[in-house]
Amino acid sequence: RKEVEQDPGPFNVPEGATVAFNCTYSNSASQSFFWYRQDCRKEPKLLMSVYSSGNEDGRFTAQLNRASQYISLLIRDSKLSDSATYLCVVNRGGGSNYKLTFGKGTLLTVNP
Amino acid sequence: GAGVSQSPRYKVAKRGQDVALRCDPISGHVSLFWYQQALGQGPEFLTYFQNEAQLDKSGLPSDRFFAERPEGSVSTLKIQRTQQEDSAVYLCASSLETGNYGYTFGSGTRLTVV
Numbered sequence: 001r002k003e004v005e006q007d008p009g010p011f012n013v014p015e016g017a018t019v020a021f022n023c024t025y026s027n028s029a030s031q032s033f034f035w036y037r038q039d040c041r042k043e044p045k046l047l048m049s050v051y052s053s054g055n056e057d058g059r060f061t062a063q064l065n066r067a068s069q070y071i072s073l074l075i076r077d078s079k080l081s082d083s084a085t086y087l088c089v090v091n092r093g094g095g096s097n098y099k100l101t102f103g104k105g106t107l108l109t110v111n112p
Numbered sequence: 001g002a003g004v005s006q007s008p009r010y011k012v013a014k015r016g017q018d019v020a021l022r023c024d025p026i027s028g029h030v031s032l033f034w035y036q037q038a039l040g041q042g043p044e045f046l047t048y049f050q051n052e053a054q055l056d057k058s059g060l061p062s063d064r065f066f067a068e069r070p071e072g073s074v075s076t077l078k079i080q081r082t083q084q085e086d087s088a089v090y091l092c093a094s095s096l097e098t099g100n101y102g103y104t105f106g107s108g109t110r111l112t113v114v
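Protein sequence lines, in the order shown, are assigned to chains A and B.
Residues in the first sequence are numbered consecutively from 1, following the working numbering.
Residues in the second sequence are numbered consecutively from 1, following the working numbering.
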């Protein structure tokens, strides 16, 4: 089983739609969780950290369920500019807490 | 500088050639990381430096891969005798601290081995 598994996608949605991405991780020692966004042929950029209490940043809401080892990202009122690959990222925890483990990514295309 | 700078942006190497990829981290960032991203995959960890010390090189795929950061600033990833399977984007990231923070990545070097 891979350390971080994401919805395979791709997702094609119309502008204004709500879309949700799901992610599971296998290492229960993981301490920090993130969603990164990667545009085509660009570097990954931090979208938001994910906290146990859930957190929101404008149209984006991230949730973490430590018991289920499950992370989600919800995008409301999607825009054309949201088209990108979304990467679920987990740190190893413990003595390797510097090491980020990335999922394969889920490609989102928002259509006009 | 304002961000993490990597060079070259693109590199085409003939199989068996040695290559050197450079990373200039954000000024003052203690931690530096190299990741490898194959087509259609997420980035995979290669190695980690804290200042000039290479604390983890467990992700380097073979002994053909070597990384250094001699003065605790600029880092070089060297690949000897390149193979086709080395074709990937090599991403460098830096951070003030580790653990609970997301890292800032450079634009990467896209290596194609022909």
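Simulated from the structure, these hints should not be mistaken for lab results.
Each residue gets a CB set at the ideal place from its N, CA and C atoms; glycine is no exception.
It is possible that part of the hints are untrue.
If you want the footprint, here are the derived chain A segments under chain B, 3+ residues with CB under 8 Å [as the list claims (entries may be wrong)]:
no. : segment
1   : 11-22
2   : 73-82
Here are the simulated lysine-lysine pairs, BS3-like style, with alpha carbons at most 27 Å apart [what the hints assert, rightly or not]:
no. : chain 1 : residue 1 : chain 2 : residue 2
3   : A       : K2        : A       : K99
4   : B       : K78       : A       : K79
5   : B       : K14       : B       : K78
6   : A       : K99       : B       : K57
To list a few chain B residues with every Cβ distance to chain A over 12 Å, as calculated [to be verified]:
no. : residue
7   : R15
8   : G16
9   : G28
10  : G42
11  : E44
12  : T76
13  : Q80
14  : Q84
15  : S87
16  : F105
17  : G106
18  : S107
19  : R110
Pairwise hint evaluation, K79/A against K78/B, where the allowed Cα distance is 27 Å at most: 41 Å, violated
Has the segment 11-22 of chain A got at least three residues whose CB is nearer than 8 Å to a CB belonging to chain B? violated (count 0)
Confirm or reject: G16/B is not an interface residue toward chain A, with every Cβ-Cβ distance exceeding 12 Å. 27 Å, holds
Reported absence of F105/B from the contact zone with chain A (all CB gaps over 12 Å): 4 Å, violated
Mind verifying the non-interface call on S107/B? Its CB should be farther than 12 Å from each CB in chain A. 5 Å, violated
If I take the minimum Cβ distance from S87/B to any residue of chain A, is it greater than 12 Å? 15 Å, holds
Beyond 12 Å from every chain A Cβ: check whether that's true for G106/B. Incorrect as stated: the minimum Cβ-Cβ distance to chain A is 6 Å, not above 12 Å.
Distance restraint between K99/A and K57/B, which requires alpha-carbon spacing of 27 Å or less: Distance of about 11 Å is within 27 Å: holds.
Given the hinted pair K14/B and K78/B, is their Cα-Cα distance within 27 Å? At roughly 15 Å apart (the allowed maximum being 27 Å), K78/B and K14/B satisfy the hint.
With d taken as the least Cβ-Cβ distance between Q80/B and chain A, does d exceed 12 Å? 25 Å, holds
Confirm or reject the statement that Q84/B sits farther than 12 Å, beta carbon to beta carbon, from all of chain A. Non-interface label on Q84/B holds, nearest chain A Cβ at 20 Å vs cutoff 12 Å.
Is the nearest CB of chain A more than 12 Å from the CB of E44/B? Not fine: 7 Å to the nearest Cβ puts E44/B too close to chain A.
When held up to the earlier numbered hints, the structure conflicts with 1, 2, 4, 10, 11, 16, 17, 18 and 19 and fits the remainder.
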